[in-house]
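Starting from the known structure of chain A, fit chain B onto it as the hints suggest.
Number of protein chains: 2
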Amino acid sequence: MNSTSLDRSLVEQLVRQALRQSSPTSTASPAVASANAPGWVDGKPNLRVSISARHCHLTDEHVEILFGAGSVLKAEKDLYQDGFYAAEQTVMVVGPRRRMLGSVRVLGPTRPFSQVELALTDSISLGIDAPVRHSGKIDGTPGCVLVGPAGSVQLTQGVIRAARHVHMNFADCEHFGVHDGDMMKLKISSPDCSVTFEDVLVRADKAAKLEVHIDTDEGNACNLDAATEVVLKKSGCGCEKK
Amino acid sequence: MNSTSLDRSLVEQLVRQALRQSSPTSTASPAVASANAPGWVDGKPNLRVSISARHCHLTDEHVEILFGAGSVLKAEKDLYQDGFYAAEQTVMVVGPRRRMLGSVRVLGPTRPFSQVELALTDSISLGIDAPVRHSGKIDGTPGCVLVGPAGSVQLTQGVIRAARHVHMNFADCEHFGVHDGDMMKLKISSPDCSVTFEDVLVRADKAAKLEVHIDTDEGNACNLDAATEVVLKKSGCGCEKK
Numbered sequence: 050m051n052s053t054s055l056d057r058s059l060v061e062q063l064v065r066q067a068l069r070q071s072s073p074t075s076t077a078s079p080a081v082a083s084a085n086a087p088g089w090v091d092g093k094p095n096l097r098v099s100i101s102a103r104h105c106h107l108t109d110e111h112v113e114i115l116f117g118a119g120s121v122l123k124a125e126k127d128l129y130q131d132g133f134y135a136a137e138q139t140v141m142v143v144g145p146r147r148r149m150l151g152s153v154r155v156l157g158p159t160r161p162f163s164q165v166e167l168a169l170t171d172s173i174s175l176g177i178d179a180p181v182r183h184s185g186k187i188d189g190t191p192g193c194v195l196v197g198p199a200g201s202v203q204l205t206q207g208v209i210r211a212a213r214h215v216h217m218n219f220a221d222c223e224h225f226g227v228h229d230g231d232m233m234k235l236k237i238s239s240p241d242c243s244v245t246f247e248d249v250l251v252r253a254d255k256a257a258k259l260e261v262h263i264d265t266d267e268g269n270a271c272n273l274d275a276a277t278e279v280v281l282k283k284s285g286c287g288c289e290k291k
Numbered sequence: 050m051n052s053t054s055l056d057r058s059l060v061e062q063l064v065r066q067a068l069r070q071s072s073p074t075s076t077a078s079p080a081v082a083s084a085n086a087p088g089w090v091d092g093k094p095n096l097r098v099s100i101s102a103r104h105c106h107l108t109d110e111h112v113e114i115l116f117g118a119g120s121v122l123k124a125e126k127d128l129y130q131d132g133f134y135a136a137e138q139t140v141m142v143v144g145p146r147r148r149m150l151g152s153v154r155v156l157g158p159t160r161p162f163s164q165v166e167l168a169l170t171d172s173i174s175l176g177i178d179a180p181v182r183h184s185g186k187i188d189g190t191p192g193c194v195l196v197g198p199a200g201s202v203q204l205t206q207g208v209i210r211a212a213r214h215v216h217m218n219f220a221d222c223e224h225f226g227v228h229d230g231d232m233m234k235l236k237i238s239s240p241d242c243s244v245t246f247e248d249v250l251v252r253a254d255k256a257a258k259l260e261v262h263i264d265t266d267e268g269n270a271c272n273l274d275a276a277t278e279v280v281l282k283k284s285g286c287g288c289e290k291k
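As you go down the protein sequences, you meet chains A and B in turn. Each residue of the first sequence is one higher than the one before, counting from 50 in my numbering. Each residue of the second sequence is one higher than the one before, counting from 50 in my numbering.
Hints are supplied without guarantee of correctness; some may be wrong.
Identical chains blur together in the list; that is why a pair holds if it fits in one copy or across any two.
[Said to hold, decoys possible] Listed next, the in silico SDA-like pairs over lysine to any residue satisfying Cα-Cα at most 25 Å (straight line):
1) K123 with M149
2) K283 with N272
3) K283 with P240
4) K283 with Y129
5) K258 with D241
6) K283 with S238
7) K283 with T108
8) K283 with V202
9) K186 with A275
10) K186 with D241
11) K186 with T277
12) K93 with G189
13) K93 with D188
14) K186 with S238
15) K186 with P240
16) K126 with I173
17) K255 with T277
18) K283 with R147
19) K258 with D127
20) K123 with V143
21) K93 with S184
22) K126 with S174
23) K186 with N272
24) K186 with D274
25) K283 with G189
Everything labelled a hint here was simulated from the structure, so no lab data went into it.
In isolation and in its complexed conformation, chain A is listed as follows (with noise of 0.2 Å):
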């Protein structure tokens, strides 16, 4: 894996990480035995927040249309989730009236369904009308044409804009107070455009690191390289009702 051959967007965007150690508002203590959970540092959730740059997951068989028979991904950089990462291949995304993205990273492992997860501003420069769905939840979403070097493939559904969301691991949903499927909310203190993130599904797994999924355009509303401070608060403080 040569980290050299990186291509700017990816480095700039799909693996540009806020690592920032926040202080997340506790509404609940944690448990002792958490002290080895997931992502823990010094026996405390460590939040991370990542900025998840336009990509695709493939099945098996579209890999192999795309990329060639008996290919498969070849991980090129791994993702904070173990067991994920960004593959080598790209493939162009087309959408109607002839525009398109020429270089959609390929996240990996496969999946049972191909879905192309994109910010509103890739999608409007699209021409793809991209509602706002959690991964997996496709039906009766706009379909493109991926192409790659040895095929192409017609999708009846699956561009999305991804919805923000939150991985954890057990004892995260225990130190915040939440569970699998609730919402939280994350304020991002920025210079001159701090933003408070609603609707911040939780996505609970007992593998999963604690952090935050946003895309270019939330990134970039809060100039998250610049912020100052990150908090992941459940939902509910009163601030919601005017």
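Chain B alone, transformed into the frame defined by chain A:
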């Protein structure tokens, strides 16, 4: 003025405005005398949230250099604030490393200094590290090259990401209990991607109409076109504190 000649980006972005009639949270009783304040409807403030796509402001001198001796800006579409307009003219903005934005709309009237306002996504694509600044605060900001049909201009500074702000008149100020220079917060409720923008600067003027300006990244982060409610509030509800 022929609106059919507007290019797609202008139609889609520059003048894309959420004409949402909100119920702004009042922190002061509106004065009876305010019933005829600019922009008020039925004796109340009528909040508008508008997305400002990338654009530039030019001096008279630069208009002549870029578009030819004797040239003046020609209004193509009036903006919501009286006296301001999107001009027919566009310029090419060239950054370092030969990257460029081919068609950036000029807004009128002319100003004592030229200034380019980009979303962060634009500035990344252009390769310019544009700081978040309020309009006119351009000391020490990066420059760029502007290219028009008749000539080019080297700006030594003036490329910014415009900080979010709200225009209002003094009746609006009284209604919200704020003054020129205060900060407010704007909550956009949008399916699966609600956002609260902090750091919304009050820019008060007797002739202004109540209008928040955010950029395309901010508008896309909350999918403004799909928003169901917008609420402008004085900062300080307590939610800012952890």
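Original post:
Which hint numbers doesn't this structure obey?
Top reply: Hints 7, 8, 12, 13, 17, 18, 21, 25 are the ones this structure does not satisfy, whereas the remaining hints hold.
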